[in-house]
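J.: Required output: the full structure, derived from the provided sequences and hints.
Protein chains: 2
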Amino acid sequence: MVTQQTGQAGPVRAPGRPRSERAERSIIDATIDLLAEGTSVAELSIEAVAARAGVGKTTIYRRWSNKEDLVVDALATLKPPLPEPLGRSAREDIVRHLGAMLQETHDRRLRCIMTVALNESDRFPHLAERFHEIAVKPRRDLLRSIIQRGVDTGEFRAGVDVEVAMAALSGAMLFFSKWRGSGEELPDDLAERITGQVLEGLYA
Amino acid sequence: MVTQQTGQAGPVRAPGRPRSERAERSIIDATIDLLAEGTSVAELSIEAVAARAGVGKTTIYRRWSNKEDLVVDALATLKPPLPEPLGRSAREDIVRHLGAMLQETHDRRLRCIMTVALNESDRFPHLAERFHEIAVKPRRDLLRSIIQRGVDTGEFRAGVDVEVAMAALSGAMLFFSKWRGSGEELPDDLAERITGQVLEGLYA
Chain H
851 MVTQQTGQAG PVRAPGRPRS ERAERSIIDA TIDLLAEGTS VAELSIEAVA ARAGVGKTTI
911 YRRWSNKEDL VVDALATLKP PLPEPLGRSA REDIVRHLGA MLQETHDRRL RCIMTVALNE
971 SDRFPHLAER FHEIAVKPRR DLLRSIIQRG VDTGEFRAGV DVEVAMAALS GAMLFFSKWR
1031 GSGEELPDDL AERITGQVLE GLYA
Chain B
851 MVTQQTGQAG PVRAPGRPRS ERAERSIIDA TIDLLAEGTS VAELSIEAVA ARAGVGKTTI
911 YRRWSNKEDL VVDALATLKP PLPEPLGRSA REDIVRHLGA MLQETHDRRL RCIMTVALNE
971 SDRFPHLAER FHEIAVKPRR DLLRSIIQRG VDTGEFRAGV DVEVAMAALS GAMLFFSKWR
1031 GSGEELPDDL AERITGQVLE GLYA
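If you read the protein sequences in the order shown, they are chains H and B.
Position one of the first sequence corresponds to residue 851 (the numbering used here), numbered consecutively onward.
Position one of the second sequence corresponds to residue 851 (the numbering used here), numbered consecutively onward.
FYI, nobody ran anything at the bench for these hints, they're computed from the structure.
Mixed in with the good hints, there may be bad ones.
Repeated chains share a single entry, so a pair holds when one copy, or any two copies, can fit it.
[Said to hold, decoys possible] Below, a list of computed lysine to any residue pairs in the SDA-like style, where the Cα atoms sit at most 25 angstroms apart:
(1) LYS907 x ARG990
(2) LYS917 x ARG869
(3) LYS987 x THR965
(4) LYS917 x THR965
(5) LYS917 x ARG973
(6) LYS907 x ALA873
Just so you know, these numbers come straight off a predicted model, no measurement behind them.
T.: Written out as structure tokens, the structure reads:
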């Protein structure tokens, strides 16, 4: 059911022995924990990650030359795979896509880290760029292709502005998740409601 | 043409003599300059504002008890008033509303300060709350009322999900402005395109 990968970056840079994999996992977990507790990327130190993970700093530097790369890999492990389109109707696949976005807002740690990554995009342009590659672009591309397929099959009208339709669908979800208090959960039927409204339009 | 106020907060706390008004304006301008140059709210100091404005710290503290209030007032002076609905068609008023949002993305200083305010909303909840009151809520309320009027007059269908339609319209604009590089300007016809697509829907 969920098979498509969100990006090519996995947490593992080079295949290692089990012990080294365990260390890597501890380092990634420690990074996620620190960021989810509100540590900014600017404040995050390799020392703190090492202490939390119970490894030496050299173990970290052997795999990641800088903390931005470490944060990118930590982020990549948190992003769930995108739901693969079923291809029965564009409407159904859009609901599934927005539903997956909605699920992500329920994951407190993912929400914290995405906030951190977005907030510091000016200071860490490399991080912002990788975040875009891993988390933003694959979602956009998939949603765009679902809408385009709807146009191609005649489910949607020929004149659809695909880029703007994608922005309206994603943007509506972004709008609701952005302005809510971070603790408040969004209604379960939000993906259905957004899809229905944007597909049907407002005109009488 | 533009008359509706975006909030009750003006930059002036108490009517003063011309000299005091000039000092107040210098303090506000200095605050805006520092934030627009990339100083975070956390980093912003009353000392730096005083030095930039050419006034003493006590002149600032006489009007603002803390820097969050100062940032709120600085923000309030930058937000242009919302365009008043013309009431001829909901479509026209929605285009005007989104057009005003688009204009704001062209204002580099406003963009910088809104980014700062949003980025630090966790650390400065009072600032985030005032930002919401001044900049977010009046826009939402106005857009919601325009859509509702369209339903009431029969221009839009009775089943419109007003809240979601508002989110789709605002969210689409947010989507485009958020993921662009901060230097890149959005196309002039974006407000028309978003309005057209969201009002017409996708169905054939």
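J.: Each of the hints needs a verdict: does it hold here or not?
T.: How the hints compare with the structure:
Taking the shortest Cα distances, LYS907 and ARG990 never come within 25 angstroms of each other, neither inside one copy (37 angstroms) nor across copies (49 angstroms). Within a single copy, LYS917 and ARG869 get their C-alpha atoms as close as 22 angstroms, which meets the 25 angstroms cut-off; across copies the closest is 50 angstroms, which misses it. In the homo-oligomer, the alpha carbons of LYS987 and THR965 lie at most 25 angstroms apart both inside one protomer (17 angstroms) and across protomers (22 angstroms), since each shortest distance falls under that limit. Within a single copy, LYS917 and THR965 get their C-alpha atoms as close as 17 angstroms, and across copies as close as 24 angstroms, so both meet the 25 angstroms cut-off.
Within a single copy, LYS917 and ARG973 get their C-alpha atoms as close as 13 angstroms, and across copies as close as 23 angstroms, so both meet the 25 angstroms cut-off. In this assembly of identical chains, LYS907 and ALA873 lie within 25 angstroms of each other by CA distance solely inside one copy; the values are 11 angstroms within and 52 angstroms between copies.
Consistency note: the structure conflicts with earlier hint 1 alone.
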